[in-house]
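Asker: Listed here are the chains, written in short residue letters.
There are 2 protein chains.
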Amino acid sequence: MRDSLIAAAFRLFLERGYEQTTIDDIVALAGVGRRSFFRYFPSKEDVVFPDHEKCLADMTAFLEASEDADDPVVRVCDAARLVLRMYAENPTFSVQRYRLTKQVPGLRTYELSVVWRYERTLAAYLRGRFAARRDGTLRADVIASAVVAAHNHALRAWLRADGVGDASAEMDHALDYVSRAWTSNAPAGDAPAEEEDDVVVVITRRRTPMWRVVRDVEAGLGRE
Amino acid sequence: MRDSLIAAAFRLFLERGYEQTTIDDIVALAGVGRRSFFRYFPSKEDVVFPDHEKCLADMTAFLEASEDADDPVVRVCDAARLVLRMYAENPTFSVQRYRLTKQVPGLRTYELSVVWRYERTLAAYLRGRFAARRDGTLRADVIASAVVAAHNHALRAWLRADGVGDASAEMDHALDYVSRAWTSNAPAGDAPAEEEDDVVVVITRRRTPMWRVVRDVEAGLGRE
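Those protein sequences? They're chains A and B, same order as listed. Numbering of the first sequence is given in the UniProt record's numbering, commencing with residue 1 and proceeding in unit increments. Numbering of the second sequence is given in the UniProt record's numbering, commencing with residue 1 and proceeding in unit increments.
Possibly wrong hints are sitting among the right ones.
As the list claims (entries may be wrong) - Derived coverage of chain B by chain A (criterion: at least 3 residues anywhere in the stretch with Cβ under 8 Å from a Cβ of chain A; other residues may be distant):
{"hint": "1", "region": "56-62"}
{"hint": "2", "region": "112-125"}
{"hint": "3", "region": "129-139"}
{"hint": "4", "region": "144-153"}
Please keep in mind that the hints were generated in silico from the structure rather than gathered at the bench. Model, not experiment: these values are computed from the prediction. Every residue gets a Cβ at the ideal spot worked out from N, C-alpha and C, and that includes glycine.
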């Protein structure tokens, strides 16, 4: 019933346009009553985005199942991938909806409010994980926002390409780009942690006498 | 006329609630006709956010006046400060609106679409500045989003504190937090550029023979 309402709605949206289609048109084509429509969808907008509520619930459950050992930034990137997976399950539908959303301002606004809910879900998780940090809530808000921006960047590139190609490779690249800048425990802007096994970094002033440089290098190399 | 419509609208919104106030109520209290209202505001939502159009235009002009020598990340942070300035010009009004927006879902959605327009304005500027970079559009989208998140984090903290205190100090701190992570020309996650005058960074592998370490250090110090 739910699926046939979605199918009927999209057929009409594409044939007549979104604004020109009424809920009565949709239920008539699906062969059900008005009350059946409202049992599944609070409004006409909701039939356009039928799976976000479930995806938000899945994301929340996924984050709640996180353990202390999980890197929080990696975890929110993986949580964001759940949204891509939902879109990638049905490329044709996702591409149709993308085109529709671009044309109808009301749907664009609806989508912004959905994106906002994903972002706040990620931010709430990060705020918990960063609770002990100075600037923890700021860090949480900024990273949640950056992850959502990177996710949407890759998602839209894939939708613009008509859902053809490997969405997950582009997604990995975009999310990596963000997580590299905000690696879990390092303060923002720090260099990646040195690989302890084989790299040593020495910082020295230009006027430092050479004997002190050598001493510091040796200490860094563990040869003291 | 415009100001008295805004004043009348807010008086009624606070007294009766937003949903319970009609445009007819507003024009009656302001002593003008309905057509005057629509000359200034396309809808009831717009009277709640009367200054965003001007602020968006100011932001666009500010970014267009940017020169190549300007650091793009610093420039978008300064552009975001224009929004804070608008709020800080009238703290009482801003705090009232903040409370109203939290209560009325339709206003929350309206605000999200305004925030989206600011974010796309910043992103469009950054896309231009990063056009020659690999991942330039990704970088632009992520930084625009992070700057907006940091701005809104500081702005909301100030609004929650009833508009008391120095909003700009908290804003500087939040925007610095983002720009440190995305310093203009370094790729994300890189260390801050060394201060050329007095600091040298040497990276070496643990197993490198000491003669090569010393040679590299000397080269780094410019003593070759």
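Asker: With reference to the structure, classify each hint as holding or not holding.
Answerer: Hints and how they fare:
1. Given as covered by chain A, the region 56-62 of chain B fails the check, having 0 residues with a CB less than 8 Å from a CB of that chain where 3 are the minimum.
2. For a cut-off of 8 Å, the count of residues in the region 112-125 of chain B with a CB near a CB of chain A stands at 3, and the three-residue condition holds.
3. For the region 129-139 of chain B, the assignment as covered by chain A holds, since 4 residues bring a beta-carbon within under 8 Å of that chain's beta-carbons and 3 suffice.
4. Given a C-beta distance limit of less than 8 Å, the hint that chain A covers the region 144-153 of chain B holds, as 8 residues qualify and 3 suffice.
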